[in-house]
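Spelled out from the first residue to the last, the chains are:
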Amino acid sequence: MIAGTADALPLLAEFPFESQYVRSIVRVSLHVSLVAVALSTLASLPIAMVVGFAEFPGKRLVTATINAGMGFPSVVVGLLVLFAVSNQGPLGGLNLVFTKEAMIISQFVLATPPITGISLAAVTSVDDAVRDAARALGGTRLDVALVVVKEARYGIATAVLAGFGRAISEVGSVLIVGGNIAGADGVSKTRTLTTAIQLEARQGRYDTAMVLGALLLLLVLAVNAAVVRLGDGGTLR
Amino acid sequence: MSIQRREFLTALGGGTVAALAGCTAFGKGGDDSGAGVAGETLTLTTTTSTYDTGLLDELNAPFQDRYGVAVDAVAQGTGAALETARAGDADVVMVHARSLEDEFIREGYGVNRRDLMFNDFVVVGPEDDPAGIDGSESATEAFAAIADSEALFVSRGDNSGTHTKELLIWEEAGVESGGDWYQETGQGMGQVLNVANQQDGYTLSDRGTYLSQRSESDLVIHVQGPIEGGPELLANPYGIIAVNPAVHDDVNYDLAMAYIGYVTSPEGQRRIEEYTANGEQLFYPEALSEDPDFQQYVPEGWRSDDTEE
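Protein chains in written order, with the numbering used here: chain V, 446 to 682; chain C, 423 to 731.
If you are wondering where the hints come from, they were derived from the structure by calculation, not from laboratory data.
Please note: incorrect hints may appear among the correct ones.
Stated by the list, open to error - Restricting the straight-line Cα-Cα distance to at most 25 Å, the calculated cross-link-like pairs of lysine to any residue (SDA-like) are:
#1 V:K634 to C:Y684
#2 V:K634 to C:A595
#3 V:K634 to C:G501
#4 V:K634 to C:D524
#5 V:K504 to V:V520
#6 V:K634 to V:V668
#7 V:K634 to C:N619
#8 V:K634 to V:G649
#9 V:K504 to V:G600
#10 V:K504 to V:T486
#11 V:K634 to C:E606
#12 V:K634 to C:G490
#13 V:K634 to C:A502
#14 V:K634 to C:D487
#15 V:K634 to C:D622
#16 V:K634 to C:P653
If we strip away everything but chain C, and leave its shape as in the complex, we get (with noise of 0.2 Å):
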């Protein structure tokens, strides 16, 4: 349906966008004497962690000094900010999602697919912890218990990529996730949690999104993620990706490739690791590497002897 729509809008503003586009290009190509990229804008849509964690701030704000541009960030979940991207809003995307980013680039919206960071998730609930999940070798092993106990459990609920992890482990642990105990917020994750909190549920949250708000929290980590030693199927991994400028001709394809180009930079990824919360470490640079993984540029699945992680 939505694609309905898309192509009716493109036919209805088909039109109007030809004859506008027309004007931007000459305005910009009025002035070729060097001129830098300054004054300009990049369009930046997010996931809610790497915006309520401030991380985002930090690393733009230098961005902006060094070339004069201003970084709009708009923080959605990582399923929005994908759409946006899609109807060509946004010039490049930061989000944790693997299958829906590799979904993204297969449709060929996006390209230039890069590893940036990573943290884990962890499962937060009561201290008291009703369900007994506190000590799971697995976070399957632990929402199978939360379920068998009908403890309370808070969702995203958002198509978010929290959202989207979520939605696997439950798969994994093969329950049918539904009922009372089970709530969707459809809200992003410092919400949640604070819905969470309030109702005493469990929910999976970020490491780093649960460490910025511990302390207006009660909420404490019950299964920890791979940072910790917990399970490899919590680890929560941060890709950026510009958006096709042969898709979208009016994106901002220069300046995406400037921002991914710093963000992975020596640079960007020590300001990624050198950022905290609360005195602790929220994402861990990924970027470089003396054995780069070349899966991160094209979807999972290209190679043939690509093995299920």
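Isolated chain V (complex conformation) (with noise of 0.2 Å):
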């Protein structure tokens, strides 16, 4: 295994890049990771606004709720969505299996807790003071809720970084409701980063797995460093 690593450093300089197949899985990776975690983002700040500043009974139910979802098993989400999307499923007439809208169906369902979880913790702990002080300046209730966010930027930052962390590292949903598929031309349908790397294995070849092991590495880095600069608003702190 040990040379099987310095054997696979060279690889990782020349193969990956070229090649019309792991491109294609890089694509289809972000394509799903991405998409699923702007549309969490979208459902969970309204709901950690709401839930964070208002009032109301089984408020401490909702929260423990949401925080229990970000620990709820990738494989039994993808094992939902599948019954949901299965021709017998209630969705199946949408012909959703094995497609990337159904990765991202279940991709969403993963990274909405830890989005919304986060988010709400960075919300609630911007200083009722900055709250007081927009609605005394007569902002509505709209322009309020702008002023914490704002205020709360660092902190959604993180939220969305954990939800993408959560979307693109996971394998035991996407491979249940996606397949894995790639074409018999090399180009993937539904095939990422992760469910390649378990079918490289599989087959033994380790050196490929590594190198897409290395490419998934540099990615979740590569999107962390983008979203921590755009948290700085583009200036160096």
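Could you use the hints to bring the two separately framed chains together as a complex?
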């Protein structure tokens, strides 16, 4: 295995960026995870604001549910989504099984609890004085919300990154609902970096698996760096 | 239990499906000016052996080019491949466990089964052969020796065609497999070979996967299959079956039959015959015959003079 690691390093330098197969896998991985995380973020932020600032009965229960959802096992999500989108399931008529859309659904389900939970912690930790000031200046509810989001942007960026990390590195559910499909011409349809690594390891092609693993790591680091830059508003602090 | 689940989901989804089926059918029928199948997708569920050996890509690329269609191949293992087809999520299945295939056809889910190709199983294990099975006359004898010496045996344990065959051999050997020496991994053939290789265990493998991975492994063949003159019990025939469009009306039956026609044609059979890995032939075509076996189309046991093979 150690010799294998050394062998993989030159491979990493030349092989993956030229190969149509690897490029299509990276594209599918990013497409599925980014779309899912974007949708999750759109759904999560309003929930975090409402749960964070409104007082209603059962608030503790809702918070507990969100937190529990962060640990929801991904293969169970995959199984439930499979039942839903299978031809026999309630969404069967949409023909979603073994498609990217089905993978996005399961990633959305997986990414939403961490994004909501961490955003919730971020917005509730914004100093009350900020909200009071915004309201005192005659801001509407939306204005107040925007001010809070702006104040909590680092926490929210962390939340989105946590969701992205969960989505892109997840293998169980995308394997079940996506089917790990690549065409005979070597173009991925529903094969992601994680499911491709699983396939390569299953076939004993550890060096290819390691190259894909390194790419996955690079991708996660790159997206983290990009989000941190965005969180800084493009300025160096 | 799975049947209850299906009925429940059917009831739940019936309305949606009916509503949307109308739209889909309308869309498809919209252009009938001699349009072909280009742009359509055939979903094929299959075993890990056809996929991991690379045969499938070799077969599918020319088919995709010819008709301009996509073949979505999902590698699952025979049991799961048939289960996916039962749910109507596949159009055609390529598998290798006749008993499970027959059940699938008898239940009405599969039609037009064809014999496709065969290879065989081999019993592989560490070179120093701790159970002393090398040169066994039969697979059952070898399995009995492995059980007696309690040498490690790594099982697929995944309801695949290979696993089905393995259980049959244990049964014929009269061994209740179990205990510390018997480990189920629940994974594909390639992974099981890796595990057996790492732990110096024996396993039952299809010859194709073993050969395609031999360069990565120290395992050697201890009991040959029929291709090298071994016992008939280790034969490994593959069949291909279309999913019954009368049960699942949104399967792509026409494309499934085009695919079955292609893989069982002289061209498809030639590609199977010519496919090699590490210089060795992995699969042997079986669809073309001077003396066709009509038993291939129906579950075994239909013929009154049918005798046990």
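For each hint, the structure was consulted:
no.: 1; hint: V:K634 to C:Y684; in the structure: holds, 23 Å
no.: 2; hint: V:K634 to C:A595; in the structure: violated, 44 Å
no.: 3; hint: V:K634 to C:G501; in the structure: holds, 24 Å
no.: 4; hint: V:K634 to C:D524; in the structure: violated, 32 Å
no.: 5; hint: V:K504 to V:V520; in the structure: violated, 28 Å
no.: 6; hint: V:K634 to V:V668; in the structure: holds, 22 Å
no.: 7; hint: V:K634 to C:N619; in the structure: violated, 32 Å
no.: 8; hint: V:K634 to V:G649; in the structure: holds, 23 Å
no.: 9; hint: V:K504 to V:G600; in the structure: holds, 21 Å
no.: 10; hint: V:K504 to V:T486; in the structure: holds, 21 Å
no.: 11; hint: V:K634 to C:E606; in the structure: violated, 31 Å
no.: 12; hint: V:K634 to C:G490; in the structure: holds, 16 Å
no.: 13; hint: V:K634 to C:A502; in the structure: holds, 20 Å
no.: 14; hint: V:K634 to C:D487; in the structure: holds, 17 Å
no.: 15; hint: V:K634 to C:D622; in the structure: violated, 37 Å
no.: 16; hint: V:K634 to C:P653; in the structure: violated, 41 Å
Checked against the numbered hints above, the structure breaks hints 2, 4, 5, 7, 11, 15, 16 and satisfies the rest.
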